[in-house]
Amino acid sequence: MDPTTKSNFLDHHAAAGAARFGISPADLTFIGGFQNFIYAYMRDGLKYMLRFTPSTLRTLEGIAAELEWIRYVAEHGLSVSVPVPSVGEEDIERIQGVGIDFYATSFTYAPGRKIGYPECLGNSSLYEQCGRMTGRLHELSKGYQPRARRHTWEHNAYLLQARAYIPAEQEDVLLALDELLAEVACLPVTDFAFGLIHGDINVGNFTVDESGELTLFDFDECQYSWYAEDIAVQLYYLLYVFGEDSKAERLVQYELFKDHFEKGYTEEGRQLPDGWLAQLPLFLRLRDMIVYVGMHRSWDLSQPDDWTSDFLRDCRMRITSGISLIDGLNGTTS
Numbered sequence: 001m002d003p004t005t006k007s008n009f010l011d012h013h014a015a016a017g018a019a020r021f022g023i024s025p026a027d028l029t030f031i032g033g034f035q036n037f038i039y040a041y042m043r044d045g046l047k048y049m050l051r052f053t054p055s056t057l058r059t060l061e062g063i064a065a066e067l068e069w070i071r072y073v074a075e076h077g078l079s080v081s082v083p084v085p086s087v088g089e090e091d092i093e094r095i096q097g098v099g100i101d102f103y104a105t106s107f108t109y110a111p112g113r114k115i116g117y118p119e120c121l122g123n124s125s126l127y128e129q130c131g132r133m134t135g136r137l138h139e140l141s142k143g144y145q146p147r148a149r150r151h152t153w154e155h156n157a158y159l160l161q162a163r164a165y166i167p168a169e170q171e172d173v174l175l176a177l178d179e180l181l182a183e184v185a186c187l188p189v190t191d192f193a194f195g196l197i198h199g200d201i202n203v204g205n206f207t208v209d210e211s212g213e214l215t216l217f218d219f220d221e222c223q224y225s226w227y228a229e230d231i232a233v234q235l236y237y238l239l240y241v242f243g244e245d246s247k248a249e250r251l252v253q254y255e256l257f258k259d260h261f262e263k264g265y266t267e268e269g270r271q272l273p274d275g276w277l278a279q280l281p282l283f284l285r286l287r288d289m290i291v292y293v294g295m296h297r298s299w300d301l302s303q304p305d306d307w308t309s310d311f312l313r314d315c316r317m318r319i320t321s322g323i324s325l326i327d328g329l330n331g332t333t334s
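Going by this note's numbering, the sequence shown opens with residue 1, and the numbers climb by one from there.
What the hints contain is simulated information worked out from the structure, not anything from laboratory work.
Among the clues, some could well be false.
[As the list claims (entries may be wrong)] Across the chosen pairs, the derived CB separations fall in these ranges:
1. 22 / 172: 50 to 60 Å
2. 111 / 244: 31 to 41 Å
3. 44 / 210: 21 to 31 Å
4. 119 / 248: 17 to 27 Å
By construction, the Cβ of each residue, glycine as well, lies at the ideal position given by its N, Cα and C atoms.
With the sequences and hints as input, model every part of the structure.
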């Protein structure tokens, strides 16, 4: 999150939002957030989330479209963290600030636990479950007729903010961004390949319960894009932890994920989206760009640790060379 937004969100904004949802400010526990301010709270023995979204990030209409999408997939059997109305029976409460307003929304807390690193790596059962969940989500997207509409991929906040946060001396990165966006824009838009996606499926945004059922949450990045992007994002966060000197491990993860994800996705006769495998490198490159912009926006990079320094170097190399995390892995792409 950029420093200006952070400095504009004050304790009385959190207190005002809490009151709208019938919570005492003392009952809020701040748990972070990369673009939003996220709190947990308890009520009647159940756990919930309270999210404050800056008006500079999302519009009221955009958040309404997000909540409509979440309710739709929940009503059709997908396990997700669902919206909770305020005391006034409103899905979204607007908290006025100075220059920036904040939209307060609340959600049920996802049951189960997160599977982080390194437990998620090499986890074929998890990859199959991810495929199953993603396949169901995309199947629902194909029949979805919303009242409110989300933005399309080219209006992703990170892409729009790139020139504001990438240092001016990194003109090679900005030129590469323009070329990448032009490549993505040339992809065919069909009902079988393009629709409303989650946009940020990764191990930080779902939990798994004792039966192995996944519960998906944080639809803040949902947008209209190619279904292949939803797949590439999941793969990206399994691969980016391996540096350029660990390509063998990266290849193992890629092959394992691809095979088991496909198995889960295609259950019950579902078909993977048109061109998904060929599009993976392109959307892995797009995610590299989004992560690179996000780090420059939200992290203090004046004295990065060794992993961060190495990642930024490798990421910039991939971006400016037009290659992805799977290029050159046993001839996967060229």
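Structure-based check of each hint:
Checked against the hint of 50 to 60 Å, the pair residue 22 and residue 172 passes, with Cβ atoms roughly 52 Å apart. As the Cβ distance of residue 111 to residue 244 is approximately 38 Å, the hint placing it in 31 to 41 Å holds. The beta-carbon spacing between residue 44 and residue 210, approximately 23 Å, falls within the hinted interval of 21 to 31 Å. Between residue 119 and residue 248 the beta carbon distance is about 20 Å. The supplied range of 17 to 27 Å therefore holds.
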